[in-house]
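Using the hints provided, position chains E, Z and D relative to the given structure of chain B.
Read off the chains here:
Protein chains: 4
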Amino acid sequence: MCRWLAYRGRPLLMEALVTEPDHSLIAQSLRADECKAVTNGDGFGVGWYGERDEPGLFRDVRPAWSDENLKSICAHVRSRLFFAHVRATTGSAVSRVNCHPFVHGRHMFMHNGQIGGFDRIKRRVEMLIPDEFYGARLGSTDSEAIFLIAMANGLAVEPIPALAKTLGQIETIMREAGVTEALRLTAAVTDGETLTAFRWASDQKAPSLYYQEANGDLLVVSEPLDSDREGWKEIAQGCAMEARPGRKVERRCLAEAMRAAA
Amino acid sequence: MCRWLAYRGRPLLMEALVTEPDHSLIAQSLRADECKAVTNGDGFGVGWYGERDEPGLFRDVRPAWSDENLKSICAHVRSRLFFAHVRATTGSAVSRVNCHPFVHGRHMFMHNGQIGGFDRIKRRVEMLIPDEFYGARLGSTDSEAIFLIAMANGLAVEPIPALAKTLGQIETIMREAGVTEALRLTAAVTDGETLTAFRWASDQKAPSLYYQEANGDLLVVSEPLDSDREGWKEIAQGCAMEARPGRKVERRCLAEAMRAAA
Amino acid sequence: MCRWLAYRGRPLLMEALVTEPDHSLIAQSLRADECKAVTNGDGFGVGWYGERDEPGLFRDVRPAWSDENLKSICAHVRSRLFFAHVRATTGSAVSRVNCHPFVHGRHMFMHNGQIGGFDRIKRRVEMLIPDEFYGARLGSTDSEAIFLIAMANGLAVEPIPALAKTLGQIETIMREAGVTEALRLTAAVTDGETLTAFRWASDQKAPSLYYQEANGDLLVVSEPLDSDREGWKEIAQGCAMEARPGRKVERRCLAEAMRAAA
Amino acid sequence: MCRWLAYRGRPLLMEALVTEPDHSLIAQSLRADECKAVTNGDGFGVGWYGERDEPGLFRDVRPAWSDENLKSICAHVRSRLFFAHVRATTGSAVSRVNCHPFVHGRHMFMHNGQIGGFDRIKRRVEMLIPDEFYGARLGSTDSEAIFLIAMANGLAVEPIPALAKTLGQIETIMREAGVTEALRLTAAVTDGETLTAFRWASDQKAPSLYYQEANGDLLVVSEPLDSDREGWKEIAQGCAMEARPGRKVERRCLAEAMRAAA
Numbered sequence: 256m257c258r259w260l261a262y263r264g265r266p267l268l269m270e271a272l273v274t275e276p277d278h279s280l281i282a283q284s285l286r287a288d289e290c291k292a293v294t295n296g297d298g299f300g301v302g303w304y305g306e307r308d309e310p311g312l313f314r315d316v317r318p319a320w321s322d323e324n325l326k327s328i329c330a331h332v333r334s335r336l337f338f339a340h341v342r343a344t345t346g347s348a349v350s351r352v353n354c355h356p357f358v359h360g361r362h363m364f365m366h367n368g369q370i371g372g373f374d375r376i377k378r379r380v381e382m383l384i385p386d387e388f389y390g391a392r393l394g395s396t397d398s399e400a401i402f403l404i405a406m407a408n409g410l411a412v413e414p415i416p417a418l419a420k421t422l423g424q425i426e427t428i429m430r431e432a433g434v435t436e437a438l439r440l441t442a443a444v445t446d447g448e449t450l451t452a453f454r455w456a457s458d459q460k461a462p463s464l465y466y467q468e469a470n471g472d473l474l475v476v477s478e479p480l481d482s483d484r485e486g487w488k489e490i491a492q493g494c495a496m497e498a499r500p501g502r503k504v505e506r507r508c509l510a511e512a513m514r515a516a517a
Numbered sequence: 256m257c258r259w260l261a262y263r264g265r266p267l268l269m270e271a272l273v274t275e276p277d278h279s280l281i282a283q284s285l286r287a288d289e290c291k292a293v294t295n296g297d298g299f300g301v302g303w304y305g306e307r308d309e310p311g312l313f314r315d316v317r318p319a320w321s322d323e324n325l326k327s328i329c330a331h332v333r334s335r336l337f338f339a340h341v342r343a344t345t346g347s348a349v350s351r352v353n354c355h356p357f358v359h360g361r362h363m364f365m366h367n368g369q370i371g372g373f374d375r376i377k378r379r380v381e382m383l384i385p386d387e388f389y390g391a392r393l394g395s396t397d398s399e400a401i402f403l404i405a406m407a408n409g410l411a412v413e414p415i416p417a418l419a420k421t422l423g424q425i426e427t428i429m430r431e432a433g434v435t436e437a438l439r440l441t442a443a444v445t446d447g448e449t450l451t452a453f454r455w456a457s458d459q460k461a462p463s464l465y466y467q468e469a470n471g472d473l474l475v476v477s478e479p480l481d482s483d484r485e486g487w488k489e490i491a492q493g494c495a496m497e498a499r500p501g502r503k504v505e506r507r508c509l510a511e512a513m514r515a516a517a
Numbered sequence: 256m257c258r259w260l261a262y263r264g265r266p267l268l269m270e271a272l273v274t275e276p277d278h279s280l281i282a283q284s285l286r287a288d289e290c291k292a293v294t295n296g297d298g299f300g301v302g303w304y305g306e307r308d309e310p311g312l313f314r315d316v317r318p319a320w321s322d323e324n325l326k327s328i329c330a331h332v333r334s335r336l337f338f339a340h341v342r343a344t345t346g347s348a349v350s351r352v353n354c355h356p357f358v359h360g361r362h363m364f365m366h367n368g369q370i371g372g373f374d375r376i377k378r379r380v381e382m383l384i385p386d387e388f389y390g391a392r393l394g395s396t397d398s399e400a401i402f403l404i405a406m407a408n409g410l411a412v413e414p415i416p417a418l419a420k421t422l423g424q425i426e427t428i429m430r431e432a433g434v435t436e437a438l439r440l441t442a443a444v445t446d447g448e449t450l451t452a453f454r455w456a457s458d459q460k461a462p463s464l465y466y467q468e469a470n471g472d473l474l475v476v477s478e479p480l481d482s483d484r485e486g487w488k489e490i491a492q493g494c495a496m497e498a499r500p501g502r503k504v505e506r507r508c509l510a511e512a513m514r515a516a517a
Numbered sequence: 256m257c258r259w260l261a262y263r264g265r266p267l268l269m270e271a272l273v274t275e276p277d278h279s280l281i282a283q284s285l286r287a288d289e290c291k292a293v294t295n296g297d298g299f300g301v302g303w304y305g306e307r308d309e310p311g312l313f314r315d316v317r318p319a320w321s322d323e324n325l326k327s328i329c330a331h332v333r334s335r336l337f338f339a340h341v342r343a344t345t346g347s348a349v350s351r352v353n354c355h356p357f358v359h360g361r362h363m364f365m366h367n368g369q370i371g372g373f374d375r376i377k378r379r380v381e382m383l384i385p386d387e388f389y390g391a392r393l394g395s396t397d398s399e400a401i402f403l404i405a406m407a408n409g410l411a412v413e414p415i416p417a418l419a420k421t422l423g424q425i426e427t428i429m430r431e432a433g434v435t436e437a438l439r440l441t442a443a444v445t446d447g448e449t450l451t452a453f454r455w456a457s458d459q460k461a462p463s464l465y466y467q468e469a470n471g472d473l474l475v476v477s478e479p480l481d482s483d484r485e486g487w488k489e490i491a492q493g494c495a496m497e498a499r500p501g502r503k504v505e506r507r508c509l510a511e512a513m514r515a516a517a
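So the sequences go chain by chain: B, E, Z and D.
Counting from 256, one number per residue, gives the positions in the first sequence under my numbering.
Counting from 256, one number per residue, gives the positions in the second sequence under my numbering.
Counting from 256, one number per residue, gives the positions in the third sequence under my numbering.
Counting from 256, one number per residue, gives the positions in the fourth sequence under my numbering.
So that you can see chain B by itself, here it is in the shape it has in the complex (with noise of 0.2 Å):
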C-alpha cells in the first residue's frame, strides 16, 4: 500500500502540496492515516510537466521523509500537472525503477493497491503486456504491468475504458489460477492534459481516495493533507473521475466500463 496525490491547476510549487500541508505526502510517509502500512518508506518519487511533453521525472529509494534532494526539488518546480507518490512495498523490490510515477511518452500513471497472488500469475499478467510496449517494462512491480497492459488497451485515448479492460483481463487470470486474494487499486493517469483517477476493488474494499475542486483546480489524494474533512470529497468505490481540460470533472461506474469492455 502506497499514498499518492494529483494535482491538476494553476502553476504551483509543488512543495505547496508535498511538503508543506501539515498531513503533506511527506508527513504520510512517516505516518499514515488511513492505511494498513503506516509508514511508507520504501522510496517515493515526483513527475510534473513543464514546457515539453513528456513529464519530469525524480524517483529515488530513500524514505521521502529525509530525502533533502526532494525537499529542494519541490520547492523549486513550479507545475500545473504533478503526481507524487510515496512507497511501501507488497514484495517487489525497492529500486528506483519500482518507484512511482512511470512514465511512457508524455503519459505518466501511478498506482496504490495490489493484484492478489501476483507472485503465482506474475508471468500470465506480463503476457498481456505486448512486445510494442514490452521493451518499456524496467522494473517487476504489478503496478507497471497495469500502466503497460492498459496503455496497449488504449489508456492514452480512452483512458477509462482502458483500464477497466485491464481490470478485466486481470481478474479473469487470477480467477482462472484460482487466486482468493482480491484486486484492490486506486490509480491516477494523465497524458499531460487530461487527469483521469481510478477507484476499485473486487471485494469492495478498495484503498481511500478523496479530491478537492476549487476554481477549476483539481487536487485527488489518498489522504487529505489537513483535517479538515468538510473540505475533502471521497470518490466512490468503483468509480472513475475524469477532468478533461475546459470541461467539467466526470465521473463513471467502472463496472459498467468493464462490462463494456469485456
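FYI, nobody ran anything at the bench for these hints, they're computed from the structure.
Each residue gets a CB set at the ideal place from its N, CA and C atoms; glycine is no exception.
One thing to keep in mind: the hints can contain errors.
Said to hold, decoys possible - As a list, the in silico DSS-like pairs of lysine-lysine whose alpha-carbon atoms are at most 30 Å apart:
id	chain 1	residue 1	chain 2	residue 2
1	Z	K326	Z	K291
2	E	K377	D	K377
3	Z	K326	D	K291
As the list claims (entries may be wrong) - If you want the footprint, here are the derived chain B segments under chain E, 3+ residues with CB under 8 Å:
id	stretch
4	290 to 298
5	360 to 369
Showing chains E, Z and D alone in chain B's frame:
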C-alpha cells in the same frame, strides 16, 4: 533516537538477534515501542568481530526493514561479539558515515540519544577531539564526537571513567552555553573483548536499556526482543555495566565516576 | 560488459582476490584492460558459501572502487567458494536486483556479455522462463533471464548441457527476429560444490576469460589479477570448464553440447 | 580532482550544457581529458537559480553517467544561472553532503582541487570557521571548509578578496604544519547574480579552467565541452574572473589580492 543491541557470548549467526525475534531490531526499525521516534528508518549498521582484531562493518542509509543485504549478511556471519543499530536522525544528514557503529582501530562504539543544543555548541564539542583522533571524524553526528572525545579520554583503557569524563566535559560546555535541553544517552563500547554499556541523562530521562545474561552470554538492548518481560532486566539510569572476559558483569554508578573524573 | 572472478579452493578471505592484488577486481572496476567498457562502475556484487547451503549475497549500485562496505566485507568473510562481479550496464537499470551474482536456492550465477538486440526480443526470451522460475525474476537483465532459463533447462543437474541448450534457444529467437548483433558471454555457475565456467560467442568474439589452478585451488577471471601473464591460461572460445569436487577440471566444447541439446 | 561548469546568461535547459554536448560534463564523469582522475564517478551535483533567492540543489552519490534523475532534471529545469559538478574524491567519504555545489542561504560554491596534507591540518583549518558558519558544515570535505571560511571572510560582499584571504590563511597553516604538498584549486561562487571564478595553485600547477563569452552569456568550465579549442579561452593561473550583472567581465590577479588581504 535510535535502537540498538550488543551481544557477547557463544558465536551466533547475527540473524538470531537482528532479524529473527518477534520484536527484532529490524522489526523495531519499522515500529519501536519505547522510543519517541517510532520509526527508525534513517540508516542502520552492524559491526562484528571475527578472526581479525578490527571488527567488520556494514552500514547503509536505507531503512533496515527492506535491506536485502543486511538480511543476507546477518544470515551468513557468525560472531562472538557484535553490535547492531537502527537510526532515527535527530538532525544530521542521512549518510553512511553518520550511521552507527563507529570503528576506530579495534574499538567499536554505538549510541542512542542526543546532546541538547548540539547545533549551537558543535564547534566547542568538536574542539575536545585532539588532532590524534580528529582525522578519524568522518561524519557530523554528536555520537561520533562523543566516541572520539572518549577515546582521547582513555576509552581504550578504562571505559567507564573515560565516558564519565567525556559526559562531564560536554555538560560543562552545555552549561556555559546556556543550553537548557538535556544530555541523554545509552551507549556501548568494546575493544573486541570487554563489552561496556552506559545509560545516562542529565535530567533523569535516559532512553530505555535492558540486558539478559545466561550461561555467560550477554545481550544488551534498547528494547526487549520479545514480549517476555520476565527475561529482561533494566539497566538503571546513571549506571554502566562492564563485562570483561572471564569476569562477572560489574555495575558502576556513572555519577560517581563523573565526580572522580572532574 | 563487466568483469568477474570465481574462486574455489582453500578458504580465503575474499579480499585476497577482490581488493588486494595489483589488478584486483576493484582496480578493474575503475580501469579494466581487456574490456570495451573501461569503467565498470554500475554496481557490483559478491556471493560466498559458508556454513549454509545457500550463499551469502552482497550487491550494491555504487562503484566498487569507493564502497567501504565491500572492502570491509571482503576483509572479514573467509570462504571456500565465492564469486565477485563489477558491472558496466549495457542498458538495463542500475539497481541492486540487476547486479550479479544472481542466487536461486543454493545456486549462484554471474555473467558478462550481451544478448544482441535484447530489447527487441526481451519478451520472447523471458517467455522461455517457466512459471516455476518466473517468480524468481527480480530484475530486468538478460543475465538473470539466461540464468533462470538455464535453471529450467537443468543447470542444477548438468550445467554444460543446460547452458548449451539455453544458448541454442536464445540464438533461435535472435535468428527468427532477424537480430544481426551477436550473442556473447562468459559466465560462471555453482551449486556450492561444482564450479562451471563458460566462454561463448555466436561470432567468435567472446569476452576474455582466464584461469589459474594450483594445489586444487581454482581461480577463473575475466582478466588476470596481476601482470604475470605466465601464470594464467586462457579458456578457449566456445569452451566450458567444470570443476567437480575431488575430480580433475574437465573441459568441454560448447558447440558440441549445443548440437547434442538441439 | 573533479570537473565542473558554471553558466550565467539567457535561461537555458541545463541539459544543453550538462548532458548534450559531445564532451558534456556527464561525458567527463566517465572520461575526462585534462584531469589526473580520468573517472569522476564519486557523486555529482547541480544547483540552479529560479524564482527564489536560494538555489535549487540536487546532489547524489552515484556516477553522473548512469543517473536517470540527473538526466530528467537537466532536461526539465531551465535556469539563467546554474552550477554542475562531477566528483572524484581525494579521500573524504562519498556522501551527498560531500558533493558539490554547496549552498549557504542564497550563495552557492563549488570547487576542484585539494588542500595538500588536509588530513593532518583538518582541525586547524576547520577552526577558521566561526560559530556563525560552523553549524552549516554538513560534510567533511576541504571544499566545504574553504567555502565557509570564505563566507566568514566576506565572500558575500567581495568575493575575490574573501577567497584570497582564505587561501592565504590556509597556506599559513600548511606552512606552519610543514606540509610540502601544494594547495591547488579552481572554484566558482555566486549569490544568484554575480558569478566569480578562481584558478590558483601554490606551485603554479592549478587545475585547468576555461571560459566562453558570447552575447553576454558566460560559461566557465574545467574542460571545453567540445573539440573546438578556438571557442575557449583559458583563465590564467593565479587569476579570478568576476561577472557582475550589467558589467563587463573583470579579471583580477589573486596574488595581489592575497597580498592586500594579508
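Here is what the structure says about each hint:
Distance restraint check for Z/K326 and Z/K291: the Cα-Cα separation of roughly 26 Å lies within the 30 Å cut-off, and the hinted pair is therefore satisfied. About 16 Å separates the Cα atoms of E/K377 and D/K377, which keeps this hinted pair within 30 Å; it holds. Restraint check for Z/K326 and D/K291: the C-alpha separation of about 24 Å stays at or below 30 Å, so the hint holds. Proximity of the stretch 290 to 298 of chain B to chain E, defined as three or more residues with a beta carbon under 8 Å from a beta carbon of that chain, is established by the 4 residues found.
Coverage of the stretch 360 to 369 of chain B by chain E is violated in this model, with 0 residues showing a Cβ closer than 8 Å to a Cβ of that chain against a need of three.
Against the hints set out earlier in the document, a violation occurs for number 5 only.
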